[in-house]
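Peer 1: Given next are the chains, with one letter for each unit.
Number of protein chains: 2
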Amino acid sequence: MKKDKTSTDIKTKTTMVIFGGTGDLTHRKLIPALYQLYINKYLPKDFSLISIGRRDKTTEEYRNDLLASTKRFSTRNLDDESFDTFSRMITYFRLDFDNEKDYDRLLEELKERDQKDILDNYMFYLAVSPDYFTEIVENLKTSKIRKKKSNWQRLIIEKPFGQDLESATKLNEAISKVFDEKDIYRIDHYVAKEMIQNINMLRFQNAIFESIWNRNHISSVQITVLEKEGVGTRGGYYDDTGALRDMVQNHLLQLLAITAMEPPKTLDADDVRNEKVKVFKALREFKDEHLSEKLILGQYNGYQKEDKVDDASTTETLVATKVYIDNKRWEGVPFYLLTGKALKNKTAQITIEFKNSSRYHYGASSEPNILEIKIQPDEGITLHLNVKQPGVIDKMAMVEMDYCQSCLYLFNSPDSYEKLILDAINGDSTLFTRWDELQLTWKYVDSIISSVKDDKSSYLRCYEMGSDGPDELKSFIQSGAKHWWYLNREY
Amino acid sequence: MKKDKTSTDIKTKTTMVIFGGTGDLTHRKLIPALYQLYINKYLPKDFSLISIGRRDKTTEEYRNDLLASTKRFSTRNLDDESFDTFSRMITYFRLDFDNEKDYDRLLEELKERDQKDILDNYMFYLAVSPDYFTEIVENLKTSKIRKKKSNWQRLIIEKPFGQDLESATKLNEAISKVFDEKDIYRIDHYVAKEMIQNINMLRFQNAIFESIWNRNHISSVQITVLEKEGVGTRGGYYDDTGALRDMVQNHLLQLLAITAMEPPKTLDADDVRNEKVKVFKALREFKDEHLSEKLILGQYNGYQKEDKVDDASTTETLVATKVYIDNKRWEGVPFYLLTGKALKNKTAQITIEFKNSSRYHYGASSEPNILEIKIQPDEGITLHLNVKQPGVIDKMAMVEMDYCQSCLYLFNSPDSYEKLILDAINGDSTLFTRWDELQLTWKYVDSIISSVKDDKSSYLRCYEMGSDGPDELKSFIQSGAKHWWYLNREY
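These protein sequence lines are chains E and Z, in that order.
According to this note's numbering, the residues represented by the first sequence are 534 to 1024, in order.
According to this note's numbering, the residues represented by the second sequence are 534 to 1024, in order.
Only chain E is shown next, with the shape it has when bound in the complex (with noise of 0.2 Å):
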């Protein structure tokens, strides 16, 4: 954690204001993660919370809900004693998104909070559908409440970012409007999870990995995340959106970006990202030659018939891709990506398949290292190494390695909420999405979406729920990896 470097000798206190704090985000993720952060003693000195929603309920009701939903949602401890004083610190605010006068008499709320000789900080977290967040800063404009004086103001803006570079260009010029780039934290929840925050230390903090990150000695990466569940009854969005759009823009691309990237000058958010948007910018443009040995996408079977997605659909439900950074480290080394949904498994992990140089040949060939980086459900490192097996006999046997976190921190692993929100407070954006970085993945995207725009279906692999994907999979990773090492592994 970095220290907050705009607010060393000011006396300040800190607003958090809500826009959607009945919905459903609010209720299984911030509440309980702001939570935590009270109890451990992580939230600034005079921290409020003011939750907006459009429906009409009392500060004491609504407290009621957020207990009855922290107890649901919560994989942590919980008290009701220390729940009781934490949710003091929390007012409803009824707001219609769309009613300028309303936003005004939310900056007298404010007002009136103001306290003497001390500055105020407010964060603005849009957790709300992507279709009020134009509406929703630009009112902040209208009423003057980014004109109110203030030590710091800053925007936490929930994903999707747009549907398309087109869309959210559009988004950012809104929002640009009114709140500053660096003021600016679009959030992508993946990036904060444990052990993708672990792979900066993992590479640059052990000399035994980081002289081996490259293409002399890594043969593939594999970079996958499966869920178990359909669309549930995310089909309306989902149909609109599909896996490219849901997951590869965001989250695998963000993975690949920070598997990939050069060691940063320091851990600095801007030193960071600049080293993410090299990759970006190093991607192999995705042409549509060649299509089937770079692409494979799958809708699972009932998909169609799921609620709210139409009958003839052609929204994919899993995605694999074959992707080339065209650098100096990485030349010609393949990175597969797969997400999908309805499958057998629900687990992330990124796996570095090395290059096989077994020098002797002991009956059985030797199978390549490989280092997991298990993301969830399990959150841990596992490193295959091939040994002798005991016996009198010299034969090779592959064992496993494992620095299993989640079985020693069962109950310390912080929920990726915790750590953005606290990132945000303290003013540092390293795990949040910077504009170019939105435009050169939503760019990446848009151009394999329109690779197979005229013929999409034809490109549709069917795939049963409850399966390992389309039969097709097997012979995509073996153009250039040995397995799909994902599967190799027993949950």
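Hints are computed from structural coordinates only; laboratory data are not their basis.
Being a predicted model, the structure only gives us computed values, none of them experimental.
There's no promise every hint is true.
[To be verified] A few chain E residues that face chain Z, going by a derived Cβ cut-off under 8 Å, partial list only: (1) ILE623; (2) ASN739; (3) ALA740; (4) VAL932; (5) TYR936; (6) LEU955.
[Said to hold, decoys possible] Computed Cβ-Cβ distance ranges for the label pairs, DEER-style: (7) Z:LYS928 <-> E:ASP664: 48 to 58 Å; (8) E:PHE606 <-> Z:THR608: 46 to 56 Å; (9) E:CYS940 <-> Z:SER1008: 49 to 59 Å.
Just so it is clear, CB atoms sit at the ideal spot from N, CA and C, and this is done for glycine as well.
Chain Z: place on chain E using the hints.
Peer 2: Below, chain Z alone, put in the same frame as chain E:
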């Protein structure tokens, strides 16, 4: 296991002759090993054993003795029925080592067992005090046993092979008149321990290790073989010998060579041993300048009062020495060898300390990566990594990735002697010590001994029984490594 090239098309039977059949080694190690080879069907067809002792004893009595001792000493399953069929291959034969006529009787015994059209393999195993080595071997010649027509005749000889270069040379000259070098199998049972055998696979079948196994990435190597017991009943032998001759000349320098050697052209015995010899030749000459930086000798408190030990003895029961290998791979990397008796823990391991190249500063400085090859009592491999400690604040933690072989294969790891006997039967001398290895290691150890000869008592540090050795060990290691890493292990 390489195939026995000498007996592919010929019908043979194999007779093993143990000199010292009533001795400790035979009861504790050789018979349990042969029994395991038997029940696992590794012994060749038509195998039999003539076990020689000086006492009067019937074969029946002897077999009963073996059953009792094997029950006591075998670490693995034994059932009376299979031991009974196994022991039917064993004959007891009374012989005085210095009585030529007894060898003539032995020749007659061998002749009686001759079968038409079947050639004999003879394996003579010297499980006796080194005082008898020369006499027995010469009598094999005198009695014409060596002249008896056979497929092959091999000599297995236990350590110690001499007490210095001079005596070893004398012994070798004597046995070389009777056996060719290629038929002499000098045992160092340490080399056959599972995890020592594993080092070749670990180094050469794992691309991730092979590429970092050199001075660019490794800052030090520590080879530690520690014992809890004092000299016990071996005081008489030990007081004339000391840790340098008893442990360093053979076990520790062998471990050093296996860890440090260049990849051999093939895994054939001579290719491997050629590479080990090159390491011994590259050992930096041991001079008596700056002696305290290169050598610590210790003697445990109470040693002089042990049975059969001189009460003013200056024999070392502990040695720490810093060794350099002057070649391209290892230039400047200290190899610390440490062995001793009456210490807190029994443990043998090789610890590779990698250079600490942590790039960023996360509060605490990072520890170097450590690879531990655990030989005993645990068998396994542990890799120490720096990772992110789970939590919203970026803190580093050192964790261990573990491959615990003894956890997985507790009842499968064979004793060294199983491997060694089988290899000798199969004509694979890879794990046995060639004469030039012995020459060079004796020369090296002689030079250490002569460097302190005149003033040994002033170099000898006293340490308490059950301690971690003399206090000076700590500053000794810090001249070129971070810690004695074995001390950080939990036992």
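Peer 1: Now tell me, hint by hint, if it's right for this structure.
Peer 2: So, going through the hints one by one against the coordinates:
1. The restraint placing E:ILE623 at the interface with chain Z is violated, with a minimum CB-CB distance near 20 Å, outside the 8 Å limit.
2. A cut of 8 Å between beta carbons decides the hint on E:ASN739: the least distance to chain Z is about 5 Å, and the hint holds.
3. Hint on E:ALA740 holds. Least Cβ distance to chain Z is approximately 4 Å, under the 8 Å limit.
4. A least Cβ separation of about 5 Å between E:VAL932 and chain Z falls short of the 8 Å threshold, and the interface hint therefore holds.
5. The beta carbon of E:TYR936 comes within 4 Å of a beta carbon in chain Z, closer than 8 Å, and the hint placing it at the interface holds.
6. Among the interface hints, the one on E:LEU955 holds; its C-beta lies about 5 Å from the nearest C-beta in chain Z, closer than the 8 Å criterion.
7. About 40 Å separates the C-beta atoms of Z:LYS928 and E:ASP664, a value inconsistent with the hinted range of 48 to 58 Å.
8. Checked against the given bound of 46 to 56 Å, the beta carbons of E:PHE606 and Z:THR608, roughly 53 Å apart, stay inside it.
9. Roughly 38 Å separates the CB atoms of E:CYS940 and Z:SER1008, a value that falls outside the hinted 49 to 59 Å.
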